[in-house]
Amino acid sequence: MHALQYAVTLPADYDMDIIRDRVRTRGHLLDAYDGLGIKAYGIRERGIDGSPVNQYAPFYLWADAPAMHRFLLGDGFRGVIRDFGRPVVQHWMGVHHERGPSAGAVPRCFVRHTHTLAEGTDPATAVEEAVTEQRRLARTDGVHTTALGIDPRHWELVRFTLWEDAAPEADGERYQVLHLSAPGADRLPAGTQW
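In this note's numbering, the protein residues as written are 28 to 221.
None of these hints come from the bench; they were simulated from the model. Computed from a predicted model, the values in this text were never measured in an experiment. Glycine included, every Cβ here is placed at the ideal spot set by N, Cα and C.
Have a look at the derived ranges for each label pair, beta carbon to beta carbon:
{"id": "1", "residue 1": "Ala59", "residue 2": "Val116", "range": "21 to 29 Å"}
{"id": "2", "residue 1": "Phe104", "residue 2": "His181", "range": "16 to 24 Å"}
{"id": "3", "residue 1": "Arg163", "residue 2": "Arg51", "range": "30 to 38 Å"}
{"id": "4", "residue 1": "His142", "residue 2": "Ile45", "range": "28 to 36 Å"}
{"id": "5", "residue 1": "His55", "residue 2": "His96", "range": "16 to 24 Å"}
Assemble the whole structure, with the sequences as input and the hints as a guide.
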């Protein structure tokens with residue numbers, strides 16, 4: 028499993044209905060994309076849920092790397108580049124993935140929580156502790172899906188949690204989900220892959 032996210036930060040006065048319309052008319056195009064586990068079409072709006080910016084920032088869970096490569100080098104991502112410029116694409120190696128009690132529902136939001144490992148922290152211990160927390164979180168009412176990844180370049184852990192309704196998490200960036208493409212959600216490896 029691989030986790031991926033890019034963010035397109037938009038002007039403060041940007042009409043976010045343009046993004047909503049974009050997702051409404053194009054979101055279905057990945058509903059059957061081979062190799063994609065989940066894509067959550069996420070947005071943040073300035074002044075809502077503590078967001079300082081307007082942003083289109085989908086995140087992906089890929090069942091296999093070749094599918095992720097095809098997407099990034101294909102027509103769909105070319106459209107993002109054409110319309111918004113080439114965003115920085117963040118990528119994390121999958122560590123843990125688990126479906127929650129609300130996996131059958133349509134998620135309304137997701138939260139991205141990042142944690143940079145302090146110098147001197149043992150990465151294996153940090154990952155083990157994060158997986159333990161992830162398993163506990165996955166049993167929480169309202170959780171659709173939760174995924175944990177690691178970026179060994181910056182030694183950063185990232186946790187994405189999709190929620191059926193409003194997210195009770197106190198920390199992390201909150202995103203509204205406009206659409207969920209999940210053609211391979213059942214092919215994502217369950218549990219720890221590390």
